[in-house]
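Residue numbers (our numbering), protein chains in the order written: chain W, 1 to 548; chain B, 1001 to 1304; chain Y, 2001 to 2246; chain Z, 3001 to 3105.
Mixed in with the good hints there might be a few duds.
Stated by the list, open to error - With a straight-line cut-off of 30 Å between C-alpha atoms, the simulated DSSO-like cross-links for lysine-lysine are:
id	chain 1	residue 1	chain 2	residue 2
1	Z	Lys-3099	Y	Lys-2163
2	Z	Lys-3003	Y	Lys-2165
3	W	Lys-494	W	Lys-471
4	Y	Lys-2064	B	Lys-1237
5	W	Lys-268	Z	Lys-3003
6	W	Lys-92	W	Lys-118
Note that these hints are calculated values from the structure, not bench results.
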Amino acid sequence: MSDWGMQKAALGERLAAGRQHARGKVVPIPDLPAFLKGVIRSGDRVCLEGDNQKQADMLASALANLDPRDVHDLHMVQSGVVLPSHLDIFEKGIARRLDFSYSGPQSARIARMLFGGKIELGAVHTYLELFARYFIDLTPNVALIAAVSADKDGNLYTGPNTEDTPTVVEATSYKNGLVVAQVTEIVDKVPRVDIPGDLVHFVVEAGRPFYVEPLFTRDPAAITETQILTAMLAIKGIYAPYGVRRLNHGIGFNTAAIELLLPTYGEKLGLKDKVCTHFALNPHPTMIPAIEAGWVEQIHCFGSEVGMEDYVAARSDVFFTGPDGSLRSNRAFCQTAGLYACDMFIGSTLQIDLEGHSSTVTTSRIAGFGGAPNMGSDPRGRRHPSEPWLKAGAEADPDTNAALRRGRKLVVQIGETFGDRNTPLFVERLDALDLAEELKLDLAPVMVYSDDVTHIVTEEGIANLLMCRSKDEREQAIRGVAGYTDIGRARDAKLIEQLRQRGVIQRPEDLGIDPLDADRNLLAARSIKDLMLASGGLYRPPSRFRNW
Amino acid sequence: MTAATCNDVSLSWYEASARQRIDALVDAGSFCEFIGPELREISPHLAIFDLPEQFDDGIVVGRGRLDGKAVLLAAQEGRFMGGAFGEVHGAKLTGLLRAARALSQDVLILFDTGGVRLQEANAGELAIAEIMRAVIEARRAGVNVVGLIGGRAGCYGGGSLIAGTCSKVIISEQGRLSVSGPEVIETNRGIEEFDSRDRALVWRTMGGKHRFLIGGADAFVDDEALAFRQSAIVALKISPGCDVAVLAAEQARLERRLQRFGEVEDAVEIWQTLGIDQPTEIPARPTGAFLRAANNRESADDAR
Amino acid sequence: MTLDDILAGLFPNGSSIETSGAMISGQAVLSGGGPIHVLGITQGQPLGVDEAIVLAGRLIEIVKSGNRAPILILVDSASQRMSKRDELLGLSEYLSHLAKTLLLAEAEGHHTIGLLYGGSAAGAFIATALATGTLVALPGAHPAVMDLPSMARVTKLPIDVLKAKAEATPVFAPGLDNMVRTGGIDVVWDAGAPLAPQLAAVLQRPQGQDDRSRLGAARGGRRKALEIADRVVALATASHQDARHG
Amino acid sequence: MEKLSFRLTAPRSAGGTRAQAIVGVVASGNLEVLLERSPPADTCTIDIATAAHGFGAVWDAVVRDFVTRRPAGGLRISINDGGARPDTVALRLAQGVRKIEEPER
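Chain W with its partners taken away, still in its complex shape (with noise of 0.2 Å):
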């Protein structure tokens, strides 16, 4: 006979122990290690709320000063392995296990922790993949989250950085795990309700706010004449011809280039109200110019931007915004968005092999793939028609019956030949397969599949990998825009020029475009400062982005 009830009971166990240490819902600060052990066993599953951008760092600090002797061998279950108190905590042997997306600061410190055996490694996952586990086999028993304020009753408001917490909460509570969040202060009455306080078992009041990485923030000062030109290949070259409208962009700079080309350079090519008109994507500065040019009509967002806040909630027109009038965000929803109901995502990578597969792993970093796959990845559950879905379709497979054609999501990598510290971007090999085997995963770490990639474009052209018939010419088209890297060097040049005949390979003077008219000046901002002024004062970048 089974003892049904027993999640319920064991809830319930927890929730007495909590309360021992809090006065109703409130956990004060100095009785959250005594909390903390209380509620939290050995072997739980826990989600420490460490999302791209916001993050409970008090919470983290807090369950990295327990003693491994209390709580031991957790197996953590987070989105974002962001601080180092993420670390800490299976340095000191209170976690074990670890199934993630996202390590970006960390991704150095976590490869030497993953070789060192300090961590056993469940996956890198995708957002979506992870927060889909959270439903099926990776439910957390423990949520640790994090909001900017709360009521008594737990009611909690997380401002314009929500990001995963509804998704956190929703596979936590209603599945009998307990939920404690850190919030900047409590107060009478939320400005809005984003997780209902029924969810909400004990809240601890910071008195501060949680840290946020401004991940989102690319200074215009730092974009090269080239990432201007590979802008400018971009967008004549496939935004225009696509009529690319709903979209993603990745956080690097040659998007950033792009954004801030848009006002300007795609104004000149008439291409306002025709493409970049809806976008899943975090407020980016960089979009200022755009958004008030009157180029977008809508922004869904994954998180905030530090900064950001005041001029989103002025254009709640562009942005999702709450009765309070702040943004709302969601990383769950946002993703699903990028992933269906986008006709493209561009972004940018550290490695591209002669197949097309590209990743962000090297030897020494595992930076995880946060939504990257996500978005740079064609959905074959999509159903609805869009001009570019089906145009793409119908280059990569000209001779199906149309209505039986699957169209296809245009997935670009785009980038310099050349990266930091003169580090070629395409390679024989990825690097990823050398950490696979050291490593014994099953999978390397690929962001972007060959099959899912649809375009590469760098500073020597574009490369049109749907027009490919062979193998073969895929690594010549690819080859044939590599510019100087030793990949690049090893084309054969007559069979470049026969795809470039065939509009499979496109140089800048097939375009139109001159190389020498990539100019600075034609960014619709060159500065942060310009973004702050082209938003009417209402941008406020973080002290470590101004020079004002």
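Since chain W is already given, all that's left is putting chains B, Y and Z on it; use the hints.
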């Protein structure tokens, strides 16, 4: 009077190279360089450190016309070794100033420098001393020496001392004018004294707006080559010289500054003391609004 | 040599010099009988806005007073004071102002002599010793732009490598000898001989133009500076004549 | 510093009448290119001093493409390189040729 032609394309002073700045500053086509790059007068000392050389050693000197008037010009290239003063670099400016005195011609110095070039530190330090002396001798002979500050490297170290000898200083918001750099202060005093990565702090302590408000600069202009040009034309119209009266006035001005602001902790307090409305908003104000707010600034008229 | 020893050696006929913190100021009688103004920064202290304004104020008083007695400035300092407050208040203007008052005094007919008897560095060195008409030093003085360990940090070169390079050239490494060879210091006095006659010898020389680059070239420590500066003067002069006659 | 020298046959000679042109600055990831007239009109010489060692083959490819694509005959080109990427080198060379062709004022 006919306005001489000049380049009228918008050009960010901060982003422009030394040569672009000169081209945009002077009357179109009027610039003639002395010891140009084709003569390859490179630094003899960088090879010791296996460092790359630049054919003009990071400074362009020559003559041109500004609104029809003959002027001598020097422009530092802040991207080459931080625009730092080495032996050749410094000697080109020394020579230019000595010529200015001999020919009674005004000089514009387009600063963009981190100070002394460490790989030739002694030569650079002496060059700065020689330049300061040459500036004063030229000014005493009735020559205007105008400093323009708004480049990437700012105007630091010995460069800031040279700027202090100029008869007029024109600065943009991007311009920073200071002896010790942010990292140096942080290294010596700790991050609690000065967080060099807090760029807002750097700019409100050393930046163009603050310098203009306390009288450390005479004119505040937009980050545009044309704005620098217009301001330089105006600056050349008055010639204060450099006698005991001028320096006594500067003494009084600097003493007054110490009395008024000597005890404050932060630039915002100074701006508040100046009677500026909403002093915390000063950094965000566009030029027009800033200049209106700066009505009560400490002026440095003729006391430099 | 202590400051008192130096003053006693320089002015056997007596002096009246007040000390205020690290700064000294007063008058003395030269061995030949005439007066000399004496001021200085001592004890290896940094030079900030507060010190610079006092020294400059004193120099302006001297120039205003109308007598054309020589001025001796004694220097044993650190570098400029590296602080937020000093920079906030515009340290560059204060240091520059001090240098200008020294240059003014020289131009107005005072013989200005710097005596470096201890350390000095960077902005403090420029604003004091290097702004005098003639700079002399005592053995053991140690001028610097930056110390070698800091230089190693900035240039990312090991200190041993820097030391080896410093053997080959006087152009970058700190030290009295290097500053002499590059022409910054006119002469190093003989500490074993009486100081007063050595000062008198300097005062005997006519005031003239800045000859540091000439000294640097003659001593082989700075071979390019003079030639480059002279060429610029010549080119500017020639182009000026072209413009007038062209 | 590594020194490289190339003497290449150039199918097209540089236009314009300016005696010389200079573009770029020596900085990390950047370079300066000095162009001067030097006969014969079908030859381009390029002298490079670079801070990045061991990239001779890449330079070779870049300068050969350059003389094929741009009118570079009759030029003596001198480069001081602070470790620029090949695409930046190619861009500066093209900018230099355009600049020496600009009409004189």
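Tested hints:
1. Lys-3099/Z - Lys-2163/Y: 44 Å, violated
2. Lys-3003/Z - Lys-2165/Y: 22 Å, holds
3. Lys-494/W - Lys-471/W: Status holds; Cα separation ~17 Å.
4. Lys-2064/Y - Lys-1237/B: 28 Å, holds
5. Lys-268/W - Lys-3003/Z: 44 Å, violated
6. Lys-92/W - Lys-118/W: 9 Å, holds
Consistency with the previously given hints fails for numbers 1 and 5, ordered from lowest to highest.
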